[in-house]
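One line per chain: the protein sequences are A and B, in this order. With our numbering, the residue at position 23 of the first sequence is 23, and numbering never jumps. With our numbering, the residue at position 54 of the second sequence is 54, and numbering never jumps.
Derived by calculation from the structure, the hints in this document are not laboratory data. Warning: the hint list may mix true and false statements.
Since the list can't tell identical chains apart, any single copy or any two copies may satisfy a pair.
[To be verified] Below 25 Å or equal to it, Euclidean Cα-Cα: the simulated BS3-like pairs (lysine-lysine) are:
id	residue 1	residue 2
1	Lys207	Lys62
2	Lys156	Lys19
3	Lys159	Lys174
4	Lys160	Lys253
5	Lys174	Lys207
6	Lys207	Lys19
7	Lys181	Lys253
8	Lys62	Lys19
9	Lys207	Lys29
10	Lys253	Lys19
11	Lys92	Lys159
12	Lys62	Lys159
13	Lys207	Lys85
14	Lys62	Lys156
15	Lys181	Lys159
16	Lys253	Lys156
17	Lys62	Lys85
18	Lys181	Lys207
2 protein chains.
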Amino acid sequence: MDEARPLILIVNDDGYEAKGLEAMVSIAKPLGEVVVVVPDRTRSGMGHAITMGEPLRLTNYKNEDGIAYYKTNGTPVDCIKLGEKVVLRDRKIDLVLSGINHGSNSSVSLIYSGTMAAAIEAAFDNIPSVGLSLLDYSPNADFSAAVHYGRQIVEKVLKKGLPPHICLNVNFPKVPVEEIKGIRITRQCHATWHEDLQERTDPYGRKYYWLTGWLERLEEDENTCEGALQRNYVSVQPVQFDLTAHQYISTLKYLEL
Amino acid sequence: MDEARPLILIVNDDGYEAKGLEAMVSIAKPLGEVVVVVPDRTRSGMGHAITMGEPLRLTNYKNEDGIAYYKTNGTPVDCIKLGEKVVLRDRKIDLVLSGINHGSNSSVSLIYSGTMAAAIEAAFDNIPSVGLSLLDYSPNADFSAAVHYGRQIVEKVLKKGLPPHICLNVNFPKVPVEEIKGIRITRQCHATWHEDLQERTDPYGRKYYWLTGWLERLEEDENTCEGALQRNYVSVQPVQFDLTAHQYISTLKYLEL
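Okay, chain A solo, but in the shape it has when bound (with noise of 0.2 Å):
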């Protein structure tokens, strides 16, 4: 390995032809080795899933400007796995990238977010990663403010480094460039998601379900992800996979277990 080349492993949940994916490659191309691996289709909601019940595939569909790119059955946390252990077999990678994800992951969406579990999956294996996601859903997003300011923080986390099993979070509102006000280091905002669950009727007279929903902010702290997003800032939220509630060790004596 060249060592002034880092090795960059890039991910994602919106599958292989998502233009967040090209804004991530443009970030990504001028800083080192990049190789993609990212699922053959979209793959969103998908969380920390893995696939235990059946086979994976993996398929080498472009080679372009020194940049392979792999697509996959699996989902986003397969990908780093397929990576890690069969795409680069073992070499070091020095950063993993995860999106650029069409729509947000700020909140408790970080939770249900494949973009997110990613970046996770790679601070498992000690290794630095960033998942960075616009809050435009659209799959013709606006990506240039977010290669904007993606680009400063990748760049910076590449140089710097990152806390032992610490990822980041990164959101960008959906506005022009100009209209970013800067960056902050922010914490989860605590909200909840409202289900609605909209029932229709199928051609044979089945009943079936369409999940969706909508996130209720429960504080308005300019420190949250929410906050930040809120008054145009991007949102940085270092990022830890520990779920115990440590406050709660010693209180939960009360239930005499």
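Once you've looked at the hints, dock chain B against the given chain A.
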């Protein structure tokens, strides 16, 4: 609703035919009104995945001993959403029970777990919830010790409640009931999953991969989930869903973003 009869929703990730589901029903049946909403097949390792790209189906496949059983093509987390919104139509749920899972959900396995994702989904909505898992992947696992200790834990939670937005990740060692030494409140063990992607060739000459792996404990502390389980204690981990690495919010200044 009969005020003396708590409403209990049971979900799992092993599907409607799992022996662990029967075990969970045997815990819940004496405690209140029970409704079951589970996947129509095994959905292990689904993490917090939800079904966005295709419609959800829901079938009332059995009614027995006053318990209504539903199955769905959705994920474990979808089971919570369908249970709350469609089956129970916003009735107040007093307790969600997830499992009993065939296999461990301790340490980082918690992050991949559909069982625990469903419990966390209930915690989003501030419903007391408990995920139960037995360290035995066998379809014919012996759940008698898990039922014995699980009933004890579930009764206490139903009587005394849980802190807001906190759920419990309960894991049972794979030993007979008389060898279990007791119950410990634990924190998530620091461990890492080592992937092994087994490469094979199908009859048409195309490669495919089976995802397997093993967990390496990176600490042996008896106060962790893994430490307790190794010593034949039942592990009860309080779980929260704020993934912010709070300790790094100030230190990330070194990135100079």
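Evaluated hints:
Taking the shortest alpha-carbon separations for lysine 207 and lysine 62, only the inter-copy value of 18 Å comes in at or below 25 Å, while the best intra-copy value is 41 Å. For the identical chains of this complex, lysine 156 and lysine 19 are intra-copy neighbours only, at 24 Å inside a copy versus 51 Å across copies, given an alpha-carbon limit of 25 Å. Proximity of lysine 159 and lysine 174 under a CA criterion of 25 Å is satisfied in neither setting, with 27 Å inside one chain copy and 47 Å between copies. Taking CA atoms no more than 25 Å apart as the test, lysine 160 paired with lysine 253 passes between copies only; the shortest distance there is 11 Å, against 43 Å inside one copy.
With identical chains, the CA atoms of lysine 174 and lysine 207 are never at most 25 Å apart, being 36 Å at best within one copy and 42 Å at best between copies. With identical chains, the CA atoms of lysine 207 and lysine 19 are never at most 25 Å apart, being 34 Å at best within one copy and 29 Å at best between copies. Taking identical chains as interchangeable, the C-alpha atoms of lysine 181 and lysine 253 lie at most 25 Å apart only when they sit on different chains, with a minimum of 17 Å there against 47 Å within one chain. With identical chains, the CA atoms of lysine 62 and lysine 19 are at most 25 Å apart within one copy only, with a shortest distance of 16 Å there and 46 Å across copies.
Taking the closest pair of Cα atoms, lysine 207 and lysine 29 never come within 25 Å of each other, the shortest separation being 48 Å inside a single copy and 29 Å across copies. With identical chains, the CA atoms of lysine 253 and lysine 19 are never at most 25 Å apart, being 51 Å at best within one copy and 31 Å at best between copies. For the identical chains of this complex, lysine 92 and lysine 159 are intra-copy neighbours only, at 16 Å inside a copy versus 51 Å across copies, given an alpha-carbon limit of 25 Å. Taking CA atoms no more than 25 Å apart as the test, lysine 62 paired with lysine 159 passes in neither setting, with 29 Å inside one copy and 59 Å between copies.
Within a single copy, lysine 207 and lysine 85 get their C-alpha atoms only as close as 43 Å, which misses the 25 Å cut-off; across copies the closest is 15 Å, which meets it. Taking the closest pair of Cα atoms, lysine 62 and lysine 156 never come within 25 Å of each other, the shortest separation being 29 Å inside a single copy and 57 Å across copies. When the C-alpha separation of lysine 181 and lysine 159 is checked against a cutoff of 25 Å, the pair qualifies only within one copy, where the shortest distance is 24 Å, while the shortest distance between copies is 50 Å. Taking identical chains as interchangeable, the C-alpha atoms of lysine 253 and lysine 156 lie at most 25 Å apart only when they sit on different chains, with a minimum of 11 Å there against 45 Å within one chain.
Within a single copy, lysine 62 and lysine 85 get their C-alpha atoms as close as 20 Å, which meets the 25 Å cut-off; across copies the closest is 44 Å, which misses it. Taking CA atoms no more than 25 Å apart as the test, lysine 181 paired with lysine 207 passes in neither setting, with 47 Å inside one copy and 49 Å between copies.
Against the hints set out earlier in the document, violations occur for numbers 3, 5, 6, 9, 10, 12, 14 and 18.
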